[in-house]
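Novice: Single-letter residue listing:
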Amino acid sequence: MKLARVGAALAIASIVVGACSGSATTAPSAAGGASAAPASAAASAAPSAGGGASAAPASAAAGAVDVKIGIELPLSGADLPNGEPTLNGVKLALAQIPVPGFNVTLNVQDDAVNGVHDPQQGAKNIATLVNDTTVMGVVGPFNSNVAKAEIPIGNAAGLVQCSPANTNISLTKPEFGALDLRKTNPDKIAYVRVATTDDIQGAAGADIAYTIVKARKAFVIDDTETYGKALSDQFVATFTKLGGTVIGGSSHGVPKSGQGDFTSLLSLAKKDSPDFVFFGGVTATGGGLLRKQMVTAGMGAIPMGGGDGLSDGAASVKGSFLNLAGDQGDPNTYMTVAATHDIPNPTKLAADYKAMFGAEPGAYSASGYACAQVILEALKNVGADRAKVRAYVTDPSHTYDTVLGKFQFDKNGDTTQRIISDYTFDPGTKDWKFVSQKDFGAG
Amino acid sequence: MSESAPALILSASGVTKRFGGLVAVNAVDFDIPEGSIVSLIGPNGAGKTTFFNVVAGLYEPTHGSVRFMDNEMIARGRRAWAEPLTWVLPTVIVALLGFFIMQVSGSGVALALAMLVALGLLITMFLLAIVRPPIYERMLHRLGIFKSARPNDMVVAGLGRTFQNIRLFKTMTARENVMVGMHSRLRSTVLDAALRLARHRREEAEADAQARLWLAFVGLKGKQGEIARNLSYGDQRRLEIARALASQPKLLLLDEPTAGMNPSETAQMMTLFGRIRSELRLTILLIEHDMQVVMGVSDRVTVLDHGEKISEGTPDQVRRDPRVIEAYLGKGASA
Amino acid sequence: MRRRPGRALLVPAILLLLATLDWSYMGTEQFVNALTIGAVYALIALGYTMVYGIIELINFAHGDVFMVGSFVTYWLLSSLGFNGTISDLPLLVVVLVGTFLAAMVVMGGIGVVIERFAYRPLRNAPRLAPLITAIGVSFILQNIIQIFFGPSVISAPQVMDVQARVNLGGVDVSVVKLFVIAVAFILMIALQTFVSRTRMGRAMRSTAIDRDAAQLMGVDINTTIAVTFFIGSALAGAAGVVQVLYLGTTNFQLGFQAGLKAFTSAVLGGIGNITGAALGGFLIGFIEVNSTVAGFSRWSEAIVFGILVLVLVFRPTGLLGQQLGERA
Amino acid sequence: MSARRLQGGSAPLRLLPGALRRGVERFAGRHQSLAVLVGVALVGAFLPVIVGVPPFSGFGNRNDFVDGFANAGVFVLLALGLNVVVGLAGLLDLGYAAFFAIGSYAYAYSASPFSHLDVPFWPMLLVGAMVAATFGILLGAPTLRLRGDYLAIVTLGFGEIVPVVFLNSDTYTNGTNGISAVYQPSAYGLFGIGSFGFGNPWPYYVTVLAIVAVAMMLLYRLQDSRLGRAWVAIREDEVAAASMGVNTVTTKLLAFAIGASTAGLAGVFNASKLSLVSPDQFGFTVSFTILAMVVLGGMGNIWGVAIGAFTLYEVQSVFLKQLTNFVHGIHLPAVDLGFLRLDISAIDFVQYQFLLYGLALVSMMLLRPEGLFPSRERKRELHESAEEAAESNEEVVQA
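First to last, the protein sequences are chains A, V, P and S.
By numbering that gives the first Met the number 0, the letter at position 65 of the first sequence is numbered 64, and the numbering carries on one by one without gaps.
By numbering that gives the first Met the number 0, the letter at position 229 of the second sequence is numbered 228, and the numbering carries on one by one without gaps.
By numbering that gives the first Met the number 0, the letter at position 78 of the third sequence is numbered 77, and the numbering carries on one by one without gaps.
By numbering that gives the first Met the number 0, the letter at position 223 of the fourth sequence is numbered 222, and the numbering carries on one by one without gaps.
What you were told as hints is all true, and nothing was included just to trick you.
EDC-like cross-link-like pairs, simulated, lysine to aspartate or glutamate; straight-line CA separation at most 20 Å: (1) Lys270(A) to Asp171(P); (2) Lys182(A) to Asp394(A); (3) Lys379(A) to Asp65(A); (4) Lys182(A) to Asp117(S).
Just so you know, the hints here were simulated from the structure itself, not pulled from any lab data.
These figures come from a predicted structure and were not determined experimentally.
The shape of chain A in the complex, shown without the other chains (with noise of 0.2 Å):
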């Protein structure tokens, strides 16, 4: 009974202090941001499983300005392959490039709920970055429809975003309807992104498929998700365009239902024998299993292409695509990632990388490199005001010096930097090969 009397007086005495806090509360938390630093601070050690607990540069001076860097990527689950590698971008970027005069730490939000991205979760995320003060621009999302949860919230709040991965066209071009995210501020662009779009990258499938794989008959499958069926869509625009012909005209959807079973839609395939295969989708979404089911339907000899959602390492990485498809009839597998392969100086970075985490650099780490580097050197120019951050690194007339190499951002907030490489399996290695990286120049 004590302690119910001690309730009751808590109750009443939050009755008169709820009042006051909520007058209080109208502006945006002053307190709170410096309350929430520690609790930030423990969460950017956390979901990094292994390797690099503190990414704060040694050469961090006494009494230097206390800057964050967010980080709101996928780390859980199944989309923890595409993330981790990313995140450790951004640590050997901090870790590597020394900002005078601030003490840069990070602040990682996981928008991945029961192991797959949730648009709900990134933009509550968002907003918690938005709410720690100290954040001065955000690397991610990885996905394109947690970025469009995202984005008018970063728009709104003035908070740079930096997509490593992003390649949905509708996030930056208006002509697809870009502008009604940034509606608060249409003028002030807060999100940019290194990765270049689907239509380029579905464009190169299609290039690849016409041109190096010599296909003429295509048959197309999708994920019916956000990325997979756009990559499809302009896969079967352009293949057609080029003069292929795709199987039934359009794309075929396969909803990711539990068994992942394409037997029958395959059987249906062989019928009008295609010479080549299309998958718009990721790993998690069938993209091993269509593979592995190619080869027992006896379509193992058929090259299979798809777009950087296969991209997640070598046969030995467990859950990868390759690992799934296993290495039966795969030479003839193809996978484009929306990023340049020749960076300037590869085997440094995979070298540093391997040196930090003891691990090859995954398909977007030097892309989270990249945007780190993006937002650092904002930081440099302008110190820590998120306005100036924004503003810096969203002015089209600055030009990056990037692991990526040298690119601008556009009005959109696109990289000029339209380069998509191809690669295919490799029996010897059990992983991706690079062929060839096209640039798709300034369009």
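Add chains V, P and S to chain A, keeping to what the hints say.
Specialist: Quick look at chains V, P and S alone, frame taken from chain A:
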């Protein structure tokens, strides 16, 4: 004499109910004169309860029909297949009309409008079919579509019942059980309740008072707050009767109301039946094993055996009927 | 699980009928695909239908029992060091038989445990209680698997040569698929004979018809129900093995969709009816494959569940089920 | 009777000392609706304060919490709605997220650049609710004849179909991309707020509080009415209910419609807050989460369910995260079983929230089917005077 009894309150003709191969009730004719107490007896498995459930609207009969208060209430559905058409046809007609107008006037607006109206019609018809207001019922009647009454329809028409194995709402209080019995007599709607309109509050208050009266009537005064589950067996039987009475029935169906009661409880029950008849002027249909009760209270007795009516008449006639004795042979105790 | 001697022939009969129809638009290969998918559904559906028949519980966790079965198979094979096709036939036979036995026994055991601790205490509780418990059990199974094997898709060793083909009526058909179908049929016939011939089978049927009466007749209800769960789960385990042999992959979310479709099969055939479940499984298989063939792959799930809804609305007792009692 | 009903579930009241509590109950007896509103208001005022003090203050700043509370409010609404269907009427609906989806899409379609209809938020609250209710009836009408467990499956199927439909009818739903840039509520300059905007969670918090308060008030009133009794009667014994004159079909449909409309409200609010609606937000996991909340809170108990929903949401969105951080902080040794490796310090507990739900569901059903909150009251009520006992019809599973 019950032969010269006033109008029939219920008359079943040729009621047959089959379950798969088993014929539970076979071509039973059965009349209940207004104001009488009629008993239905027979050995176990004679189909008494099945017949009961047919009358109460729980089972649709395989053949035959039941008239209640001069309306045919229960029979095999007729033209049931036609009912869905009444939902769809208006929609189709309006849609076609829309097309026609578009062809003539060449304006797409008409079509769009027609489509909207059509959709509206579809949903309205659908809702009508669910709520089944009188208009809808009348329309069905005119179209010669007949659907056998459901239990709640029978209650609305004036039939109350109890169950052989007591089926109270166990976690509700006695009072609430009775108030559920009043359900069909209460009028307040969702909106009334949501907005707490005066009429709703008044109705609730009255219902509450009435519930206490009914409980008092069956002898459960002061027990309105008890959880039904916690009542004694006899009280549960009484509560079931109170619940049935609360729906203000004309005809009361009692399924073995004294089963498992000791003589004194049984005696009280019998006086209760008497009061129900004298004070409430109700007609009672009784299924009973206890011959004392049957012979004591009923004006007429009907005997079922293997789903067929083997005898009917006053208690004395039935008692002397050799076929009845034969049917009961082996269970001499009760004969 | 009422015994319907005549109906035991129905499945072959209907399949024969299907076979005589003109499937040219879909082709023999698709026909075999349909049978294969159907076989998996049928195997799972049997578990649903038996459990429902005997304690009128929709065992939501059953789909996940199937999923766990596939993981047990994966664990078994990979820990035995198999990582691909076994060419040596005798060894292959041994491995297959061993795997099936092991998986079925293990899953059967798990099924019994689940029944003992999750369902038995609620046997006399209202309907909602065990249903909700079943959902809970399904979550627990999924997450335990996720903790041990991780959330990503697992590539399991396919010990049979998936590329092997035999010529069937001028068409090359995958041996694995034929094997799967064969296994399914053998198990179903075995089950049918068990239920209709053995003493325990009679006990099950009587318990299904009237538990109390059966008890009075001296049937040990608890044992009977436990055995039912054992058999049902064992069949799901077999389906798990089949999944690995046939697709060579699994993941911790496998159970939900598969379970739902299997349940649809059970309902379609008339839940509580073993033959019906088998029949329903194959029908769903055909529906799925045909919706793909017709170019509605995007809708296939909606179609399957749409059919489920329609069947339940218009013939709740399914194709082979019998009428239920009171209407209210 | 209202007093005891309120007390029957209202866990917050347990904090109060006996005398004060009895006073509150007497007051609640006379002005139940007011009491509910005040109760919600108190809780609403209390929450933002408590997060200002340790240990909560260490988990994030106040605005984060308030934002979280606003999201929790959505789930409280959903749980309240599902409670009508499962808790009161005893119809197990496993596809409840479908109505959430319908509400969300209704708003997203009519208040976004996608259609340029630009209907304002406040009327859409009602419209969304009504649309959802209509679909509730359209689904319910054919299926409600089914026995409980069949109904569960049909609703489950429905819950699977709806997202697929939204996914594949691109013309109206923008397909897999979903409808983005959905408009946010506008207060037309009142309280200096034009559009609610993204930066400041308080307007959302207040709005959702208001919606929840009104919803709870109305639900209490319905529960006390003829309809509420009919629901419980059907739950207890459908045949008996029908034989007492309850039209089971319409009564069940009303339960479905009211449950669905509450989900519609939640959907509209959620769409406006997230400003994005896509098919992948409404999977079966959502339905099951809500079910877990209802069961945990105590089926049929309005306050209990609300608290259950809030607790569960906060547990998964705050507690599990902190737990994860904590466990990652202390480095536990990994369990090694041959090739099976279980590294506890690498586990992300947020990932295993469904394990939590599963355990919650099972243990609830086995140990205290009446749920966390009402049980104590019920036990006491059963021992108190008959009048006191009058309200224990709120728990679903016994008998």
